[in-house]
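One line per chain: the protein sequences are A and B, in this order. At position 53 of the first sequence the residue is numbered 121 (the numbering used here), and the sequence of numbers has no breaks. At position 83 of the second sequence the residue is numbered 87 (the numbering used here), and the sequence of numbers has no breaks.
Among the clues, some could well be false.
[To be verified] Derived DSBU-like pairs (lysine-lysine); straight-line CA-CA distance at most 35 Å:
#: 1; chain 1: B; residue 1: Lys-53; chain 2: A; residue 2: Lys-295
#: 2; chain 1: A; residue 1: Lys-444; chain 2: A; residue 2: Lys-372
#: 3; chain 1: A; residue 1: Lys-444; chain 2: A; residue 2: Lys-91
#: 4; chain 1: B; residue 1: Lys-181; chain 2: B; residue 2: Lys-211
#: 5; chain 1: B; residue 1: Lys-181; chain 2: A; residue 2: Lys-372
#: 6; chain 1: A; residue 1: Lys-251; chain 2: A; residue 2: Lys-295
#: 7; chain 1: A; residue 1: Lys-289; chain 2: B; residue 2: Lys-53
#: 8; chain 1: A; residue 1: Lys-251; chain 2: B; residue 2: Lys-201
#: 9; chain 1: B; residue 1: Lys-211; chain 2: B; residue 2: Lys-201
#: 10; chain 1: B; residue 1: Lys-67; chain 2: B; residue 2: Lys-53
#: 11; chain 1: A; residue 1: Lys-410; chain 2: A; residue 2: Lys-289
#: 12; chain 1: A; residue 1: Lys-251; chain 2: A; residue 2: Lys-289
#: 13; chain 1: B; residue 1: Lys-201; chain 2: B; residue 2: Lys-181
#: 14; chain 1: A; residue 1: Lys-251; chain 2: B; residue 2: Lys-67
#: 15; chain 1: A; residue 1: Lys-410; chain 2: A; residue 2: Lys-444
The hints are simulated quantities; they were obtained by calculation from the structure and are not laboratory data. Because the structure is a prediction, the values reported are computed rather than measured.
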Amino acid sequence: MKLIDEYPTPGGTCEEALRLLEKKGDDRPGRLVSLFASLDRDRSPRVHYVIDLGERDYRVIDHAVRQPLTSATTVAPAAAWYERELHDQYGIQVVGHPDLRPLLLHENWPTEVHPMVDPVDNVAWASNPYPFLTVQGQGVCEVPVGPVHAGIIEPGHFRFSVVGDTVVHLELRHFYTHKGTEKLFEGSPVTDGSMIAESVSGDNCFAHAVAYAQAVENAYKVFAPPKATAIRLVGLELERMMAHIGDVGALCGDVGFSVPAAHTARLKEFLLRASNECFGTRFLRGLAVPGGVKRDISPPAADKLAQSVRQAHADFVRLAHIILDSPSVQNRFESAGYLTDKVARDLAVVGPVARASGIDIDVRRDHPYGLYHQMKVGVPRLHYGDVLARARIRIDEASVSCELVGQALHELPAGPIRASDAFEGSARGFSAVESPRGELLYWVEAYEGRIARCHIKSPSFQNWPALPFAVADNVIADFPLINKSFNLSYSGCDR
Amino acid sequence: MISDIVRYSLKVPSPLIPVASLVGNSEGSRMPEIDSRFLTPAIAERVAKACPTSALTVSEIGKQLHLRMDYGECIGCGRCVELGENAFRIATRFSRCGVTREGLVRQWNTEAGTETTPHEISPESVHTEIHSLLGRALNIRQLDAGSCNGCEAEITGLTSPYYDLERFGIHFVASPKHADMLLVTGPVTRNMAEAAKNTYQAVPAPKLVVAVGACGCSGGIFAGSHAIVGGVDACLPVDGYIPGCPPTPTMLITGILEVLRRCLPKISVRPSLETAKA
Numbered sequence: 069m070k071l072i073d074e075y076p077t078p079g080g081t082c083e084e085a086l087r088l089l090e091k092k093g094d095d096r097p098g099r100l101v102s103l104f105a106s107l108d109r110d111r112s113p114r115v116h117y118v119i120d121l122g123e124r125d126y127r128v129i130d131h132a133v134r135q136p137l138t139s140a141t142t143v144a145p146a147a148a149w150y151e152r153e154l155h156d157q158y159g160i161q162v163v164g165h166p167d168l169r170p171l172l173l174h175e176n177w178p179t180e181v182h183p184m185v186d187p188v189d190n191v192a193w194a195s196n197p198y199p200f201l202t203v204q205g206q207g208v209c210e211v212p213v214g215p216v217h218a219g220i221i222e223p224g225h226f227r228f229s230v231v232g233d234t235v236v237h238l239e240l241r242h243f244y245t246h247k248g249t250e251k252l253f254e255g256s257p258v259t260d261g262s263m264i265a266e267s268v269s270g271d272n273c274f275a276h277a278v279a280y281a282q283a284v285e286n287a288y289k290v291f292a293p294p295k296a297t298a299i300r301l302v303g304l305e306l307e308r309m310m311a312h313i314g315d316v317g318a319l320c321g322d323v324g325f326s327v328p329a330a331h332t333a334r335l336k337e338f339l340l341r342a343s344n345e346c347f348g349t350r351f352l353r354g355l356a357v358p359g360g361v362k363r364d365i366s367p368p369a370a371d372k373l374a375q376s377v378r379q380a381h382a383d384f385v386r387l388a389h390i391i392l393d394s395p396s397v398q399n400r401f402e403s404a405g406y407l408t409d410k411v412a413r414d415l416a417v418v419g420p421v422a423r424a425s426g427i428d429i430d431v432r433r434d435h436p437y438g439l440y441h442q443m444k445v446g447v448p449r450l451h452y453g454d455v456l457a458r459a460r461i462r463i464d465e466a467s468v469s470c471e472l473v474g475q476a477l478h479e480l481p482a483g484p485i486r487a488s489d490a491f492e493g494s495a496r497g498f499s500a501v502e503s504p505r506g507e508l509l510y511w512v513e514a515y516e517g518r519i520a521r522c523h524i525k526s527p528s529f530q531n532w533p534a535l536p537f538a539v540a541d542n543v544i545a546d547f548p549l550i551n552k553s554f555n556l557s558y559s560g561c562d563r
Numbered sequence: 005m006i007s008d009i010v011r012y013s014l015k016v017p018s019p020l021i022p023v024a025s026l027v028g029n030s031e032g033s034r035m036p037e038i039d040s041r042f043l044t045p046a047i048a049e050r051v052a053k054a055c056p057t058s059a060l061t062v063s064e065i066g067k068q069l070h071l072r073m074d075y076g077e078c079i080g081c082g083r084c085v086e087l088g089e090n091a092f093r094i095a096t097r098f099s100r101c102g103v104t105r106e107g108l109v110r111q112w113n114t115e116a117g118t119e120t121t122p123h124e125i126s127p128e129s130v131h132t133e134i135h136s137l138l139g140r141a142l143n144i145r146q147l148d149a150g151s152c153n154g155c156e157a158e159i160t161g162l163t164s165p166y167y168d169l170e171r172f173g174i175h176f177v178a179s180p181k182h183a184d185m186l187l188v189t190g191p192v193t194r195n196m197a198e199a200a201k202n203t204y205q206a207v208p209a210p211k212l213v214v215a216v217g218a219c220g221c222s223g224g225i226f227a228g229s230h231a232i233v234g235g236v237d238a239c240l241p242v243d244g245y246i247p248g249c250p251p252t253p254t255m256l257i258t259g260i261l262e263v264l265r266r267c268l269p270k271i272s273v274r275p276s277l278e279t280a281k282a
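Model the full structure from these sequences, guided by the hints.
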């Protein structure tokens, strides 16, 4: 059996990563996909950069941390939260970072305990102060909102500085739902990891399970059978349709257009029931596992599912026309929450939010995985960057998903649904998928069949820092609408 | 235009599910059901070993192997159904929603093939007083104490035209100050513990607390993490538990109604009456 140390790492230096991320002249700089640490066998930290250079494969650079790390934030602002996380979790010193306040760990956590390296049994309760940024000037008021919000939503704190109704600055304070998930993976058998992955962000749990499963498969050089990749594609696109239909409805709800909101709730439930009928699970939980999928799909069930998806889609398209044609909706959606493509690029925003601000990225097309190798994926893109653009992107993407589901179900391959599920020995690998919220990456290191480190780059973690830029200069009453148009997961971000 | 949405709506038949088909239904929840006739010590040991959250455990009582199932810890992964032969299957009906913490536990003697649960509840108990509950108003404040948002996704579904929670006189309210019941999801994280307590404090008495989901009941898959405090009852007094990962809308309705049935005397006492007596 090979030890993990015998597997070569990509190597590199911090300077090299910074060079790739820095903008030079008219060239587009590398996009930061993720930045995280792991521990070598001697328990010394190693930092990994995953960078998208516009090539088919992601570029990975890693190096052992022997001295304080040079911050990448000044060349790539997208690195800011990642480096704060390194500082919190590993106690890595970062030089040149403009803001190293604790991120994941709140007032209650002793500053000297770093969960990924230190023992975490019976950690004492502390109460450290947390300084918020203070906006000064005539007529500036602070409006604190959360962590508990007025609705069925996740917790997070928003601190608005307003002049009259207009938001001058919004500061986010999240990680209220931080559950130590990445640490929880450690020591767990590789085959059990998909269950933890499914509990990272429950409403797109299938994307998480697939990303995890693919990372393990890439690590162990196991290939999921063609039928499994087809079923995964169906699940991923079905999940995207449900998410996008639900989001469009929630946007209608936020502008008081409650009848279409009720119809989208109906359509979403219709799809959840179709999913349950086909796979025995409403949210596709427990379906994707390393090596394949757990449940086969019979030809009649495939036909039935395809028909349900077509029906829901046709219904949704009619509804979407009515929504977009309504003057009251246009009035509220148009020009609200404008996210410039400059900010979106600097913060390496992903998913529908990026595509609504003119950034042409989609993992399914740019870094294909599974059955997407054989599919032509249409990637809708708009330049307006407002709530309307984000709503329209979701409406268009639901149509693309419907088409992909139909195609995959029509050409469902025969054969097994699971490759060997013996994951013994040590390995390291990663995989990215396009979740409904955007690029989701899992990086897995396993030692003798057990997970030694699992890093999750969630699209919400990447996109949250962009929200304050979209909210600034809007009236505070539009915040729920703008926030909803981003529809980010708190739990996915906080992990 | 408004007339378009009216025309569109008129063409759609109502998907509303009748009350009788809602209560006790657990389709889509992936909760396992155990048929003790087929239970053997070998199966019991196998499923207990495979259970990722130790919802299933075995112990020897009087030299006989007993299997214990704690539905509060079950995440519905389905391994016991895969490995348990005829003794395990997916439940389509499930009545242990809104019960006490002990009510979520069942136990079997694997050698005799008999159930030895001390807190047996009648599967029909939830049906009995449904009609007397209709017409009462209940205001619920949902509190996410650290959930993965899977439970939220299902709770949001309760207001859809399929389930229409409002027909029971149950509303979701925006402020804990308007609430009779806190519906709490998620393991309580360290970072949410204080906010959860503050929210509870803000609800006027008399109040009910319902823990939702495997995480809310026991910490679920997150049990033992350094960043959580535990299930909801590690932080707040809980009146009823709704298991599942996530519980389906039908299980949520069953659970909420069952908590009301059990705790009705507690909330019928209006604060004004109490004050008047004092």
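Do the hints match the structure? See the list:
no. : hint                   : result
1   : Lys-53/B to Lys-295/A  : 30 Å, holds
2   : Lys-444/A to Lys-372/A : 24 Å, holds
3   : Lys-444/A to Lys-91/A  : 31 Å, holds
4   : Lys-181/B to Lys-211/B : 11 Å, holds
5   : Lys-181/B to Lys-372/A : 46 Å, violated
6   : Lys-251/A to Lys-295/A : 33 Å, holds
7   : Lys-289/A to Lys-53/B  : 28 Å, holds
8   : Lys-251/A to Lys-201/B : 26 Å, holds
9   : Lys-211/B to Lys-201/B : 14 Å, holds
10  : Lys-67/B to Lys-53/B   : 20 Å, holds
11  : Lys-410/A to Lys-289/A : 39 Å, violated
12  : Lys-251/A to Lys-289/A : 25 Å, holds
13  : Lys-201/B to Lys-181/B : 14 Å, holds
14  : Lys-251/A to Lys-67/B  : 39 Å, violated
15  : Lys-410/A to Lys-444/A : 28 Å, holds
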